[in-house]
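Chemist: So you can see what is in the structure, the chains are spelled out below.
There are 2 protein chains.
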Amino acid sequence: MHLTRFTDYSIRVLIYLAAKGEERSTINEIASTFNISRNHLMKVVQELSQKNYVTAIRGKHGGLLLTRDPASIRLGGLVREMEHDMSLVECFHEDNACIITPACRLQPILNDALSAFFTALDRYTLADLLGNQQPQLAKLMRIPTVSA
Amino acid sequence: MHLTRFTDYSIRVLIYLAAKGEERSTINEIASTFNISRNHLMKVVQELSQKNYVTAIRGKHGGLLLTRDPASIRLGGLVREMEHDMSLVECFHEDNACIITPACRLQPILNDALSAFFTALDRYTLADLLGNQQPQLAKLMRIPTVSA
Chain A
1 MHLTRFTDYS IRVLIYLAAK GEERSTINEI ASTFNISRNH LMKVVQELSQ KNYVTAIRGK
61 HGGLLLTRDP ASIRLGGLVR EMEHDMSLVE CFHEDNACII TPACRLQPIL NDALSAFFTA
121 LDRYTLADLL GNQQPQLAKL MRIPTVSA
Chain B
1001 MHLTRFTDYS IRVLIYLAAK GEERSTINEI ASTFNISRNH LMKVVQELSQ KNYVTAIRGK
1061 HGGLLLTRDP ASIRLGGLVR EMEHDMSLVE CFHEDNACII TPACRLQPIL NDALSAFFTA
1121 LDRYTLADLL GNQQPQLAKL MRIPTVSA
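Line by line, the protein sequences give chains A and B.
Under this note's numbering, the first residue of the first sequence carries the number 1, and numbering increases by one thereafter.
Under this note's numbering, the first residue of the second sequence carries the number 1001, and numbering increases by one thereafter.
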């Protein structure tokens, strides 16, 4: 059981932006900080922007900013929005070929467990991900504006 | 987020054996019922046997039987045992290269959610997967001994 890299990277982008506070960031600096592909990160940021987590400001002094307060970004909601395919097993798919599906209770039972997963995750926000480690995180990410 | 086919198939094997009751089953009949690879299923059954869910009896009148009562097989425990890799994101891996891991709270938060997932799943047993649908399931799986 895994989350996608797409979801993983979207969490890293938000942590980066939260640690940087009101300073704008670029995709290049985030890609270089985490040593991940700039192209992949562009798609992640595009989706974070479409889903109103991130604002991309164009122009010479442009860059990325968080759209919302980190304490208002619930992690369950974020993962649900970024994780495109929550089909835990074959019977969740439209092209399911498992012959016992009409009488099997696996799907509702797994949905119950999935719901418990997201309820637990929704108890935390982006602010909790940083906790009181914000200065230490900024240092690890070499964010000059915070450690200066 | 997905469970592996390995886990999915292990659940199907246990449902089949539970619906069949005290009659022995063969890998061939389960593979043909679910239209899945016999080779893949052999590995699944081998692991179910190693983990004491299934007993394989050799010989002419041999076959597979459930080792335990379906009402005593908790689904959280089963999925935990069959799902080999529960590394939700990169920082769960030994070769993790994410530079913020020393100060980041993602791992404990995701572990909390994972724990809620398994606690919810452990409220159900193999017997709950069949519920009162056992005759219907046996019919869908064309198990003659039950529908006779």
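No lab work stands behind these hints, which were simulated from the structure alone.
Please note that a few of the clues may not be correct.
Calculated pairs, SDA-like style, for lysine to any residue (alpha carbon to alpha carbon, straight line, at most 20 Å) [claimed, not checked]:
id: 1; chain 1: A; residue 1: Lys139; chain 2: B; residue 2: Arg1105
id: 2; chain 1: B; residue 1: Lys1139; chain 2: A; residue 2: Ala103
id: 3; chain 1: B; residue 1: Lys1139; chain 2: A; residue 2: Thr101
Keep in mind that this is a model prediction, so the values were computed, not measured.
Chemist: With reference to the structure, classify each hint as holding or not holding.
Modeler: Hint-by-hint comparison with the structure:
1. A:Lys139 <-> B:Arg1105: holds (15 Å)
2. B:Lys1139 <-> A:Ala103: Within the cut-off at roughly 10 Å; holds.
3. B:Lys1139 <-> A:Thr101: holds (12 Å)
The structure fails none of the hints (numbered hints given earlier).
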